[in-house]
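Participant: Residues per chain, in single letters:
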Amino acid sequence: MGIQFKQVSYAYRGVKNERYEAILNIDLEIKDGEFVAIIGHTGSGKTTLVQHMNALLEPTRGEVHIFDYKLPKKKKEKVGPIRKCVGLVFQFPEYQLFEETILKDIMFGPRNFGLSLEEAEKKAREAAKLVGLSDEILSKSPFRISGGQMRRVAIAGILAMEPEILVLDEPTRGLDPQGSKEIMSLFKDLHVNHNKTIVLISHDMNIVSHYASRILVMDEGHIVFDGNRDELFSHPNFESFHLSKPHAYSQMEYLSDKLNIPFKPVYTKSELLEHLKEVYHE
Amino acid sequence: MNNIVIGQYIPGESWIYKLDPRVKLSALVILLVTTFLLNSFLLMSIMFGLMIIMFLTTGVPFMKMIRGLKPLMFLLTFTFFIQIFSVKTGKLLFEDQMFISYSSLGAILAIIVLYFGLKRFIKFRVTYFLFMVIMAFVAQAFLPYGLLSEYTFQVYEGGLSQTGFFLFSIIIVDILSSLLTFTTMTTDITNGLESLLRPLKVIRFPVSELAMMLSLTLRFIPTLLEETGKIMKAQASRGVDFNESKFKDKVTQVISLLIPIFVVSFKRAEDLANAMEARGYVVGGKRTKVDVMKFRVVDLVSVIICLGLLTTSILLRTGVISIAL
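Just so you know, the sequences run in chain order A and B. Residue 185 in our numbering is what sits at position 185 of the first sequence, and the numbering runs on without skipping anything. To get our numbering, take the position in the second sequence, counting from 1, and add 1000.
Some hints could be false.
Unchecked claim - As a list, the in silico EDC-like pairs of lysine to aspartate or glutamate whose alpha-carbon atoms are at most 16 angstroms apart:
1. B/K1286 with B/E1226
2. B/K1294 with B/E1194
3. A/K31 with A/E164
4. B/K1230 with A/E170
5. A/K74 with A/E58
6. A/K75 with A/E100
7. A/K75 with B/D1241
8. A/K264 with A/E274
9. B/K1230 with B/D1241
10. A/K76 with B/E1194
11. A/K78 with B/D1241
12. A/K84 with B/D1241
13. A/K129 with A/E182
14. A/K6 with A/E63
15. B/K1233 with A/E58
16. A/K104 with B/D1249
17. A/K264 with A/E253
18. A/K70 with A/D135
19. B/K1064 with B/D1174
20. B/K1018 with B/D1241
21. B/K1267 with B/E1226
Since the hints were derived computationally from the structure, they do not count as laboratory data.
Pulled out of the complex, with its shape left as it was, chain A reads as follows:
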């Protein structure tokens, strides 16, 4: 079922009441169990697109279907159930923390969706374990831990609501390489072992090509590419997307160009090494 966009447009109102189309006639279907990455330069409409998945924005034209719910919603229809199904992790989610203890903050989401204290605490502890927060830290104030830990707390706060679909807006932004690797392997684990659908916005092509099974490229409010990584990097109009290539991929291209090594799409250093070994053992 997942999420379906049918000819969706969203227009912001400018200062002089002029319309500014952030996304335009989007047709998109995200199936259950997919790992989708959305890329595109700043201002291309990525964030606007994902905010529809959470009913934070309502389309000015077109329809969005989220499981059994439909946007734009009818008057007096509640959006709560949609937000419980789709968890949205914002850019710099650490700013949303406010409770006295980390545990309470993680419980905030489940409590809002009507769970009892005990249930919410149980869910919160599970979520904390999932993101790798130890039990001792849970009674501390969320303002007295490091930035990387704060982000884990914020993500745990979303996971505790047990959404079917997890939407992540640049989850690794501002984290050190170690931190972003850990966070990304957490999402991979959620995808593989807990069968969650994941929608990821990122600028890091290494991350995108490593984790996502499907890649969407946005430009000026349109989806200009929809496919897997091999198709993306060998796309004839790749230059027009203004994207970079993963490190290993461009190294491979360079080697095949300079040393005439047969080309094979590789996305990590180890894949590249494997390929080189294969070529030279022959």
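Once you have looked at the hints, place chain B on chain A.
Facilitator: This is chain B only, laid out in the frame that chain A set:
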């Protein structure tokens, strides 16, 4: 969230835009004092006429100023009736028998209910409001059935001119203050204020720090609004919804907005302080300005006219000169 404009500056080219902000600020004060020194309807009308002429020469859209009066409409209507009923001097202009009866009270009640019921669908709110007020009096005049008591509705010349006096002075205040905000950018206002308050430095009043604080505050209002919008959305996706929750939950939900905004604004303040220090800002240090304010001929003329008006009104008030009615 994007279309919030701080201040109400309307870009333009007329003479008032070329005025020195210091002159504009002083002119505002002088003209307000002048207005409040006047004590007769005739003088107020002359002043009103002058202000309208000035307003028309500035090229600022007239409707903008009228719109600023809208929130005052209820107050003005209320004052009007107080004056009409209390002031009974001069010629009697109008007289009519009014009935307070079951039927007229019922009609007034119906009008009130109708007013609030239809309010949402009416475009011209002010006209609609005035119409309903008039209807309430028409009902009193023509529905004597089930009589409780009656009174005579009398309109005297004194009452009308008194109302006109108040009406004009309120409109003058509105014209003057909106002219300042419409034609001066907030940075210019703070610069002008700083320059005008400079003499206070003698008594060690921190004038330039105050001006800096003022301009920083104004500068950060849109930024903080943007941050607030982001946090509201983030909490909304954690199930906070002000439209759909009970009052008890709303309290925690407000806290979930307030604390993050507090944290963010402190962080912003710290970053700003560091950035200012890195660029060499020292409290109390001597600084120059990018925009140097110049006193031109148009400024001189404006100051002379304003002072002339002030002197005339003082002389009229003290009775040194008088105009024949």
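Participant: Does each hint hold? Answer for all of them.
Facilitator: Structure-based check of all given hints:
1. Restraint check: the Cα-Cα separation between B/K1286 and B/E1226 comes to about 34 angstroms, which exceeds 16 angstroms; the hinted pair is violated.
2. Between B/K1294 and B/E1194, the direct Cα distance comes to roughly 15 angstroms. Compliance with the 16 angstroms bound is thereby established for this hinted pair.
3. Between the alpha carbons of A/K31 and A/E164 the distance comes to roughly 11 angstroms, so the proposed pair stays at or under 16 angstroms and holds.
4. Proximity of B/K1230 to A/E170 is assessed by CA-CA distance (about 15 angstroms); at most 16 angstroms being required, the pair is judged to hold.
5. For the proposed pair A/K74 and A/E58, the alpha carbon gap of about 11 angstroms is at most 16 angstroms, so the pair holds.
6. A C-alpha spacing of about 36 angstroms is found between A/K75 and A/E100, which places the hinted pair above 16 angstroms, so the restraint is violated.
7. A threshold of 16 angstroms between alpha carbons decides the hint, and for A/K75 with B/D1241 the separation of about 15 angstroms falls inside it, so the pair holds.
8. At roughly 11 angstroms between alpha-carbon atoms, A/K264 and A/E274 fall within 16 angstroms of each other, so this suggested pair holds.
9. This hinted pair checks out: B/K1230 and B/D1241 have alpha carbons roughly 14 angstroms apart, not beyond 16 angstroms.
10. In summary, the hint linking A/K76 to B/E1194 is not supported, as the alpha carbons are separated by about 52 angstroms, beyond the 16 angstroms threshold.
11. A threshold of 16 angstroms between alpha carbons decides the hint, and for A/K78 with B/D1241 the separation of about 9 angstroms falls inside it, so the pair holds.
12. Only pairs whose Cα atoms come within 16 angstroms are accepted, and A/K84 paired with B/D1241 is accepted, the gap being roughly 12 angstroms.
13. A C-alpha spacing of about 14 angstroms is found between A/K129 and A/E182, which places the hinted pair at or below 16 angstroms, so the restraint holds.
14. Using a Cα cut-off of 16 angstroms, the hinted pair A/K6 and A/E63 holds, with the two alpha carbons roughly 5 angstroms apart.
15. The suggested pairing of B/K1233 with A/E58 holds, with an alpha-carbon distance near 13 angstroms, which does not exceed 16 angstroms.
16. Between the alpha carbons of A/K104 and B/D1249 the distance comes to roughly 15 angstroms, so the proposed pair stays at or under 16 angstroms and holds.
17. For a cut-off of 16 angstroms, the pair hint linking A/K264 to A/E253 stands: about 9 angstroms separates their Cα positions.
18. Restraint check: the Cα-Cα separation between A/K70 and A/D135 comes to about 40 angstroms, which exceeds 16 angstroms; the hinted pair is violated.
19. A C-alpha spacing of about 11 angstroms is found between B/K1064 and B/D1174, which places the hinted pair at or below 16 angstroms, so the restraint holds.
20. Restraint check: the Cα-Cα separation between B/K1018 and B/D1241 comes to about 49 angstroms, which exceeds 16 angstroms; the hinted pair is violated.
21. Proposed proximity of B/K1267 and B/E1226 is supported: the alpha carbons are some 15 angstroms apart, at most 16 angstroms.
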